[in-house]
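Spelled out, the chains give:
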Amino acid sequence: MPDESWAVVVEGLVKDFPPVRAVDHLSFRVSAGEIFGLVGPDGAGKTTTMRVLAGVMAPDEGSAVVCGCDVVRDPEAVKQHISYMPQRFGLYEDLTVSENIRFYADLFGISRRQREQAAARLLAACGMSEFSGRLAGKLSGGMKQKLGLVCALIHTPRLLLLDEPTNGVDPLSRREFWAMLYELAAQGVTIVNSTAYLDEAERCHRVALMHRGRLLFCDQPQRLKQRLPGAVIAVVSPIAARLREELAHADGVHSVLLIGDALHLFVDDAARRIPQISRALDAKGLFYDEVVRITPTIEDLFVNAVTAQEPH
Amino acid sequence: MNWRRMLALARKESIQIRRDWRSLAVVLLMPVMLMTLMGYGIALDQTDVPLCVYDREGSQLSQDLLKSFVSNRYFSLKLDARDYRQLVTAVDGGVCTVGVVVPLYFSKLLNAGRPATVQAVIDATDNNTANLIIGYTQAVVARFSAAVQLDYQQRRGPALGAPSLGLQARTWFNEDLESRNFIVPGVVALVMAVIGTFLTSLTIAREWERGTMEQLVSTPVTAAEVIAGKLIPYFVIGMTDAATCAAISGWWFEVPFRGSVMTLFVSSAVFLIGVLLLGFLISALSRTQLAASQFALLTTFLPAFLLSGFAFPIDQMPIAVRAVTRIFPARYYVTILKAVFLKGTGIEPLFAPMLAMALFAAAVGVGAVRGFKKTLD
Ligand SMILES: Nc1ncnc2c1ncn2[C@@H]1O[C@H](COP(=O)(O)OP(=O)(O)O)[C@@H](O)[C@H]1O
Ligand SMILES: [Mg+2]
Chain A
1 MPDESWAVVV EGLVKDFPPV RAVDHLSFRV SAGEIFGLVG PDGAGKTTTM RVLAGVMAPD
61 EGSAVVCGCD VVRDPEAVKQ HISYMPQRFG LYEDLTVSEN IRFYADLFGI SRRQREQAAA
121 RLLAACGMSE FSGRLAGKLS GGMKQKLGLV CALIHTPRLL LLDEPTNGVD PLSRREFWAM
181 LYELAAQGVT IVNSTAYLDE AERCHRVALM HRGRLLFCDQ PQRLKQRLPG AVIAVVSPIA
241 ARLREELAHA DGVHSVLLIG DALHLFVDDA ARRIPQISRA LDAKGLFYDE VVRITPTIED
301 LFVNAVTAQE PH
Chain B
1 MNWRRMLALA RKESIQIRRD WRSLAVVLLM PVMLMTLMGY GIALDQTDVP LCVYDREGSQ
61 LSQDLLKSFV SNRYFSLKLD ARDYRQLVTA VDGGVCTVGV VVPLYFSKLL NAGRPATVQA
121 VIDATDNNTA NLIIGYTQAV VARFSAAVQL DYQQRRGPAL GAPSLGLQAR TWFNEDLESR
181 NFIVPGVVAL VMAVIGTFLT SLTIAREWER GTMEQLVSTP VTAAEVIAGK LIPYFVIGMT
241 DAATCAAISG WWFEVPFRGS VMTLFVSSAV FLIGVLLLGF LISALSRTQL AASQFALLTT
301 FLPAFLLSGF AFPIDQMPIA VRAVTRIFPA RYYVTILKAV FLKGTGIEPL FAPMLAMALF
361 AAAVGVGAVR GFKKTLD
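Same order as they appear, the protein sequences are chains A and B.
The first sequence: position 120 = 120 (the numbering used here), numbered continuously.
The second sequence: position 290 = 290 (the numbering used here), numbered continuously.
Quick caveat, the hints were computed from the structure, so don't treat them as lab data.
Glycine included, each C-beta is placed from N, C-alpha and C at the ideal position.
Please note: incorrect hints may appear among the correct ones.
Unchecked claim - Which residues of chain B face chain A? A partial, calculated answer using Cβ under 7 Å:
#: 1; residue: ARG4
#: 2; residue: ARG5
#: 3; residue: ARG19
#: 4; residue: GLN215
#: 5; residue: GLY371
#: 6; residue: THR375
Bound conformation, chain A alone (with noise of 0.2 Å):
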């Protein structure tokens, strides 16, 4: 029987689309309650698996159980259970706003009154409420993922499977979007989202880091960055970029990453390298604000992961 405190196990799974392997033996567990980033840039099989776990998608190898059904089996079983946000905008953009709520409440079987009420609330949450007459197709890119998100919520879904829903969203539509997601979090329904950005990831509860199809951490964002291997250091320069070139060879520095006018550098002992590189540089004569430990952010931590399995 599966363990009904997970929303979703996944464990081995596998898509190919030949040549590609879109997801490579991936496993991970999301627990219920939880909001669960997959990261990772553009390929990296976030949508393969997204698709997966709503039951749209047969993998190849591998197994996903979510809320308590096997997709792999059954795909529909689950269905009743999940809302899924394609990252391609999935809803009809020739239906009105309150036309596309009232066709995905009819597929869920909500009452009317159910369904009206439910849709005053959250249009409400996501200020949209004077917009329930325009057609789908006329709204701004953020108008159009909150929409969805309103379809997605007008049945109570267990797991809510969201993926890049804040792509193209300005960012206050994106902060009111994750104020909605906390609180649908607090009342009990899993989230799992996909994002191509660090930033949005460390909202996230716990994510999965991936790259190639493969899973590279999966942990809370706090403590993916203590698990860094070494340290990383920033060298602040307003020639951050031309300083590049010389530190990305220097002892001891597995990788660099340039992030505005700061360089990061990962390395293996901070206390050692500092001074070394700061001799290494007035030596030279480059110029530099500052050498000093950082705690590293996802995305250093994501850089350094990708750049160790492709040594080159």
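Once you have looked at the hints, place chain B with the ligands on chain A.
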């Protein structure tokens, strides 16, 4: 089958159809366009074909024959030639399209119970027109021949050999000589098959293309609900088109309507459901609208045109091809339409073709439901 979900689909689809009023207008005008195009292209009768006669005998009987040529609206007498040369000149010069020559001893031969031959000279520049005229000529002669035979038998008794007229009677057209009566029902079936299949062949592929299907298949909706729900609005449109076709047949092409509206309605509904479901089957099997539309054309227009007995008589086809025609419902629909329009047949004698169409609809419906996969590949 969950009714609420099915009706939700029907409702959603209807709204989409209504919003896309341009396509709706096209779909509603399509039968008018196709019917006039094909009806005229194929079934336009020639009337008042300029006729030239040369009566070498000048007897009562020969005059009777020539009178029967001009007593209908197909021929109009332009010239009564003095000699054969004048007749040939008239036809060659385009003054007349057809020249009829009654031979010497025409009445004598017939009265003696011997066969006689009437000659027709036809301007065959336009092959189709010439064929039509040959048909008319043959029909007139055949009719006259039959009258002569009847008359002869009444006088001499049936035991003796009866005389006959040359232009061997092989009626290409129906009794009224109206080719359109015969062909228009075929055009109706063709138009309905093409429109019906086209209406639905794009709907599922369109949702895959636009990305709305991915979200739809993540809900508990079933294949049968999707197809049945989407079928409803297209059925209404298709029946409107069927009514348009029937109206055009009756009022514009003046095909006599002798049957009951109810029989026409029921048979059209059964046929329409079959072709709509065929469209769904095609749509379910193709993920792009382009592929779906090409496949629809291939599976409806061609068989409806070639195999339904509309363009080529089924009984002249090779046996293997004839077997294939049994599968296509257009054939049965043509049979029913002809029976309802021309013969006024009621619903009971048409049970067999009706059942055949229903079986087709059921088979294609099952195929569509099975073929509709709720997964991306
Ligand atoms: N339907 C498909 N057909 C062929 N290749 C696909 C298909 N879906 C995804 N892929 C490939 O699988 C890989 C993972 O894609 P995807 O799951 O969409 O990643 P992500 O959502 O992280 O960008 C990519 O290389 C992509 O090209
Ligand atoms: Mg994706």
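Problem - chain A contact restraint for ARG4 (chain B) - C-beta distance below 7 Å - result: holds, 6 Å
Problem - Hinted contact ARG5 (chain B) with chain A - closest CB pair below 7 Å - result: Check passed: Cβ of ARG5 (chain B) comes within 5 Å of chain A, closer than 7 Å.
Handout entry: chain A contact restraint for THR375 (chain B) - C-beta distance below 7 Å
Key = holds, 6 Å
Practice task
Using 7 Å as the Cβ threshold, decide whether GLN215 (chain B) counts as touching chain A.
Solution key: holds, 3 Å
Handout entry: Interface hint for ARG19 (chain B), Cβ within 7 Å of any Cβ on chain A
Key = holds, 5 Å
Exercise for the section: May I ask you to test the interface hint for GLY371 (chain B) with respect to chain A, counting a Cβ-Cβ separation under 7 Å as satisfied? Expected result: violated, 16 Å
In summary, the one numbered hint that this structure violates is 5.
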